[in-house]
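Chemist: Below are the chains, spelled out letter by letter.
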Amino acid sequence: MSTNLLALLPELVLTITGVLVMVLEPVIPAGKSRKPLGWLAILGSLLSGLAAFYQLQIVNAQGTLTAFYSTIQIDPFSIFFHLLIAAVVLVTLLGSLDYFESPITHAGEYFALVLFGAVGMMFMTSSVELLMVFIGLEISSISTYILAGFRKGRATASESSIKYFLLGSFATAFFLYGVALIYGATGSTSIGPIAAGLAITRTPTMAILAVAMVLIGLGFKVSAAPFHVWTPDVYQGAPAPVVGLMSTAPKAAAFAVLLRFLFNGTPMLHGHWILLIEILAVASMCLGNLGALKQHDVKRLLAYSSIAHAGYLLVAFTGTHQNAVAGACFYTATYAAMNVGAFLVLSQLSGFSERIRSIEDFTGLALKRPGMSALLGFFLLSLIGIPFTGGFFGKFYVFSGALQNGHVWLGIVGLANSGVACFYYLRLLAAIYSRPTSDSVAYIPVRKVTAPAAVALAATALATLGLGILPNKLVHLVERATPTTTAAVAVQPTQQ
Amino acid sequence: MNAFPWLSLLTALPVVGAGVVLVAGARSDRAARFLSVGFAVGALCIALLLWHGFDVNVGGMQLVEQHAWVPALHIQYHLGIDGLGLSMLLLSAIVTLISLGASWKIEDRVPLYFALILLVEACLFGAFTALNFIHWFTFWELCLIPAFFLIKIWGGPRRTPAATQFLVYTMAGSVAMLLSFLAMYLAANTFEFEELATIAQSGRLLPSLAASSSWMHLTPEHLGLVIFAGVFLGFAVKVPVIPFHTWLPDTYAEAPTGTTILLTGAMSKMGLYGFLRILVPIFAPQMQSVLTPLLWMAVATVVLGSLSAMAQTDLKRIFAYSSINHLGYCLLGIFAAVRYAGSDAQLLTQRAAALSGTMLQMFNHGITAATIFWFVAILETRSGGARELSDFGGLRRNAPVLAGMMGIALFSSLGLPGLNGFISEFLIFKGAFPLATWATALCTIGLLITAVFILNVIQRVFSGPLQERHSNFLDLSGKEQMLLAPAIALMFLLGLDPQILLSHLNATVLQLTNTIKF
Amino acid sequence: MSLFFLITAAIAIGGTLAAMTRRNPIHCILSLALGLVGVAGVYLALGAQFVGFTQILVYVGAVAILATFALMMTQGHIVSALIEPRRAFSRSSVSGFVTAAGVFSVLGWAAQSYRPLTPSTQQAPAAGAKEVGVALMHTYVLPLEVIGVLLTAALIGAVVIALPSEEERS
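Residue numbers (this note's numbering), protein chains in the order written: chain Y, 1 to 496; chain D, 1 to 518; chain S, 1 to 170.
No wet-lab data here; the hints were simulated from the structure. For each residue, glycine too, the CB sits at the ideal point set by N, CA and C. Mixed in with the good hints there might be a few duds.
To be verified - Label-pair restraints from in silico Cβ distances:
#1 S:Val63 with Y:Ile16: 26 to 34 Å
#2 Y:Gln57 with S:Ser105: 52 to 60 Å
#3 S:Ala158 with Y:Phe423: 16 to 24 Å
#4 S:Ile147 with Y:Val229: 38 to 46 Å
#5 D:Gln288 with Y:Lys368: 51 to 59 Å
#6 D:Gly19 with Y:Phe423: 29 to 37 Å
Start from the sequences and build out the full structure, keeping to the hints where you can.
Modeler: Dropping the structure here:
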């Protein structure tokens, strides 16, 4: 297999599956269930994960792969994120297979959009060319804009979609502006040449501005404060499985871009952007946790919690290069496992109509759905960061990295914040295990969890537990995931 | 018996038990109750087996199990016990049984309740055997979760704020402790308690701390104090040390009595265990440099704890504060022991007396407090939930056996010679008096006040006119007497022959005594 | 700064300003088209003929006209009635202007202090149709291909938004 094809294998598999889903969609008569398409999409994401795994074997044997005139770089770093994205997509698809009350139109489009979005996210993580990153970002964003508004006809859904679209496009514009400025400053949009250009430039002002613009753009995507205002509204209106997806996979991809861009592309400006990262991290942790304290809607609460978690993740960036990558990768993985899991439980509980929303609605849930309550409780405990869950090791890893690099204040603020976070997770947990009031729980249908959803739930729960008990395997992987720039420096754009 | 992983087995047994109780107990509450008692008895048997096989002449760790866990972060699965760990294991096993006995009348979601109690027991075993910080911290934190649910689901009318307060306070303390240990890890590159202690005692910890986290231009000494403060906070909340005690009365009062027994009998010992296992070996110089405030805290814990107990009218609150007061003596013993550096024979003897008194007091208080709360549970069940002092009176007439047995437990708490409480308090005072005279003298006020409020309880509950609604108050049945008798017997046994326990503690105390040099 | 640049820049800024301030959506679109023509002029002034003409063809010729037709054929008159008249100095517009002024002054400062790496003895690479084509088929072939996925996703999105679901139809 040629290097070019090999480098694109996971993306290719997903694209082909997505196209197949779209081609087969009209073949299925109207009114019939779209489930087979869902299974096809699941198969595709599974295969793409396997493809990424195959890439890992190749990279282990031969070292980093570059393809397409050094626009794509396949190294353990990008493969880690490919695997993560494929896993999140797989679990989301499994969980949403029975989410749509049949017969719902556009279910085929839903599956295709999830797949295409994943293609965009994967390109973001494997590309070392900022224009390519931008296209990936656009693909993933457009897919999520549409997915966020999938519960059409509900006011909150339309609001969610429109708000996300407007603010999201604004953010991508900032990102693009940053790319244009960095091109002006260094003469390239490729990570390696950018670093090389910055090394000899005498006036980095424009480059600093460019980095700030890129940070703003990606800050929007990962919902870091102060660019977080859209998050609660969008999460509230979007379907629960989609929120699980969009709060993890695109964020993971955006963090991957940030890691590559900041550490490999602009290491010369470390002193400048580290300050911005610190501000973003502290603001996200504090605003996220304080905002969550006064929420009543569970999805809004989890939205604020995800803002806070973006802050914890940004803390990882203050470590040394290797610590930052390892900490951020590990945290992304644990956060993906527990957050996707939490939203899966929500979608299983409330179904497509999402009748149960507020914390009060969850009062006494444990009596009616003991299994689901235990799962949700477990994910909440992991989000708090209790030992024996992935959340603990994630926080531990991130904060020890920051402390090691001398960011003691950040460590103190972060851990104080995880204390504050205790309050609101416990509020939900306490409600679940309270005695039911007369009108709570009544809405919650007692329905059987279907097999695919059960598999998805089990997978997320096991991943969260596994990362808390035996994190060794993943630690090994992320410790050597630090990307290098060597491969990208060599090739300049040529004209022949 | 060294090759066999007894300690892992001991920790795993209640976890398995919890699973079995949940599954097998789903159909019959009775089965759940008996199964959980079966597993707790099994754990006690293992603990007694360990006790029997323990080499009393070795001060270091025995039955060590050590495996790599996360090598990249220097996290190990490292277990081992010395005399202190062993006595705490035995105490946890006994207290769990008492707790199960006191919870017999729980009717709501029985299997879950008993499974959670077993989980707490497993976490206690885990925490008292772990020798690596992360390994230990895992159980320390995890212990909170079943306890939180026990309070939250089966607690009194104000259970929700109580449970939340309990968890948040302890978490806040743990967070500070985690930060301190992270700093030490970055300096010393290890999470092993023993290695950290060795490094600290050789004086290398402070310079490397200063080198690895030069924070706010603090001198190494001040940095050491900050790190110490973080760890201290974690333990101080758990014990609790006044002024970090505000969570305790509400929690003890609102928790179901069976859970209160676990909280006071075993979980509060986790904090003191931390003082002895971590603070004294690693931070003795720091403790010494802020000893005056620490001693004041001990005095406050003893005196204010007993004064608050006297002001209460709710039985559970009285004994909650009494618990604070009794653990204050342990603090006094620990703080007095680090008062003077050096190793002349007299100093060592006094220090050893204070420390063995402290360890003994931990065990004794566990047994006594658990038994007293068991009696409170019995009173509560028979009177239909009444706990106010004014609800009772004259019970001696109807229930002489109950009055007699509970009286013994109360006198043990008061420190009557011949019962277990006396020996340990005497040892602490004997050792602490020459080391920290003024603090010890002030603490004797606590002894007096304790006598006053305990006698008051005895009088208000058992003497005086019998209230009408208690006219057919039942005495202890034969079965109950049989169950309570071992606990009472243990009080006499330890009171008359404390050597049974001290012989196992001696080598450990000596080793700890010798580590205090700086 | 040549006179040609000043004129085209003025057209670009004036056009986009008008696009923001006009109340009638048709006027907005037409002024936006004017602004885009101005931007195309800037490209031409910089010698990027291909990009300049593409700008006119695609944005002015296709996008703006399409938007006009879309508005006229659907409910343009309703839209214009819905938009509330806005005061020029409302809080949001003032804060917007302040932010924009801040960003652009920093940008201007950055551009002012900017020194190119190599003083421009080197001729800037030509940006004609051929060079763009070669770059697209060579270095940037993957982005070009992947844009296909982007367009597919956008199309599916358009279908989902535009077609009423069965729920709405019934």
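Chemist: Which of the listed hints are not met by the structure?
Modeler: 3, 4
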